[in-house]
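If you want the building blocks of each chain, they are given just below.
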Amino acid sequence: MDIFDKLKILTDAAKFDVACTSSGVDKSASPGGIGNAAACGICHSFAADGRCISLLKVLMTNVCVFDCKYCVNRRSNDTRRAMFTPRELAELTIQFYRRNYIEGLFLSSGVIKNPDYTCEQMTEALRILREDYGFSGYIHAKAIPGADPALISRLGFLADRMSVNIELPSQNSLELLAPDKSKHSILKPMGYIKNRISENSADLVRYRHAPRFAPAGQSTQMIIGATPETDFHILNLSENLYKKYGLKRVFFSAYIPVAENTLLPARDTKPPLLREHRLYQADWLLRFYGFSAGELLDEQHQNFDPVMDPKCNWALNHLELFPMEINRASYEELLRVPGIGVRSAKRIVRARRDGSLDFTVLKRLGVVLKRAQYFIVCGGRAAQGLRISHDSVLRSLLSERELNLYNFNRYPESEPEQLSLFGNSLNAQEELQKCLTGEM
Amino acid sequence: MPDGGNVAYYYDGSFDGMLCCVFESYAAKEIPDEILPPEALQATFLPAKAIVTDKMKAERVRKSIPEKMGAQAYDFIRHAFLTNIDGKEYRLLLFIRLGFKHGPKVMRMISEDAVYTLLKAVRHLNNESHLLKGFIRFSAFHGALVAEIEPKNIVLPLLAKHFRERFPGERFIIFDRTNDMALIYEPYRHRIIPASGVELPEPDEAEQKIRELWKLFYNTIEVEGRYNPKCRMSHMPKHYWKYMTEFETPGKPSPCRAGTLKNPSGLSLPAASEDNSEDNF
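Listed in order, the protein sequences are those of chains A and P.
Residue numbers for the first sequence follow this note's numbering, so the first one is 375 and each next one is one higher.
Residue numbers for the second sequence follow this note's numbering, so the first one is 5 and each next one is one higher.
FYI, nobody ran anything at the bench for these hints, they're computed from the structure.
Hints are not guaranteed to be accurate.
If you only want the chain A side, here are some residues facing chain P, beta carbon under 10 Å, derived [stated by the list, open to error]: (1) F378; (2) A412; (3) E477; (4) R724; (5) R727.
All values derive from a computational prediction rather than experimental measurement.
We treat Cβ as the ideally placed atom computed from N, Cα and C, and that holds for glycine.
Required output: the full structure, derived from the provided sequences and hints.
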């Protein structure tokens, strides 16, 4: 089997892994070596599905002793199998890296023979890269659940980021679909990595040249839509993972049917991309906007509204906090206004030291006024010519796609038509109106 | 603020030249309506004044900028000079005058059009250079790495540090086709030189193999069920595709130009050139 076949098979088998970030660590090449990394991360290309390509994302091998129902590489699947030799893989990485095709390597693997053997093969590939080629570029390595902690530790000193996939959002689903894995076998290496990272950061304080253990932290991912968990459950789970395991990222992957199984959604099910998108939006709110999972969803509202993004939805349910005075609101409060993000909130805080702000300046600071105008005032005044009608508000707060979805949900049979303030839609979606029209 | 003197300045296109225009504006107590680079020889209706670049004058302005408005503003001005917006020199003059008047605060005066326009332009420059750090594709010819780009701004000075740190032991050249410049690096020094009409040789077998492997990877990594060309386009606008290996059509290695580069590894820095270890632009 030549390198072309291997690359094709092992890329195809790795493509469902979501993480392709190269961020979180800043370094330059060691003397005589090659490669640096930028904390902000660099995307090298985008595939036709719109996902960033920054790492050479492949499996060491797609041979696997496990039989997880949702996975293309499961033992019972009849597919071609291949395996890179560690040197082959290192050589390919360097050749791609020199031409600036990639930012580094993302290495995962099926479990061949046993977890320890698999882990040793991966470690060897990384060792060749780091030691023989003096490669300082980015490496993301998957910890193989069940491998000896000493081996995982070795992997962690060679990689920049480590990850253990949590796969499915609950113990029940795991038992059902991944009989060889358990919550325990997944969380154990995750906890181990977390401890090593914090030990290592203590060492680094004492010895500046101590070897660094996974300096870009660890991440995980889970499949959305293969099992019945609600968004509320998933969001709470990710919040806990961020808190307990100090994860850098939790990735979500909309389930794409790869197998026919009565336990799984039917083969022709469309991947729940919009749901995945909403979860990511909420994830951002958790990480950068100071929201907690309990604020976005609760026992009564277990799933996100497909029509509206979580932040807008939150704002509409908390109209008592609005409109907000831009010149006085704290940074934390500003972050909660739809249309104001982390950057624009920071810019507002800095800019208003020199004098009070008006709407023209806000626009120049990067605030999306189209959305924000309903929730803010400048010097006690609302935006000029602000028309609060059902139609205009919907158009401002929803994207065209969301608007179509909204119309479709409301009147499934009729053609989409112009909404009118006095139409029968008025008492349909209470929140929207309440929000938008205030006392009307 | 002195009145517009209904006059246009011509300068030599260099940064020092631009600083001399600032000097002249103060010395003559006038604000020109336009500041034109030498290539803009089109007739202007205004009386033109040729500004001669004088190192001493430029130095005086250069020194006073960080003193009066902070190192950050000076850095900003250097970057703004690399952008491609219309009338950047005129806007820079207004910016510098504002800076002398208001001090470091000028950086935050976005309600001023001159400040806001330059701010946007610099943001565009930074974005473009950040994207190019990822989108540049090198090819190996005789052990040296060669790349081409067609940027909208002058990005080479901003890319130098990144690629030096990435490939310290390599020899590489990046050709900027828009501005006819090239960034040349050999361990451990780099230079930016004027360069035009250099054609790249055909890739050899080894190079072609790596390219094919990359295209194979690129096409395989896509998840068909998520096909979303619009999303790809918004992250990676089409004008970047021209020199990217993954979009190269078979048979035609790369779009062509005149001139020939026979042996790129033979292209070397002049012996006298000193080590530009600083981000010297």
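Exercise. What hint numbers does the structure not satisfy?
Worked result: No hint contradicted; all consistent.
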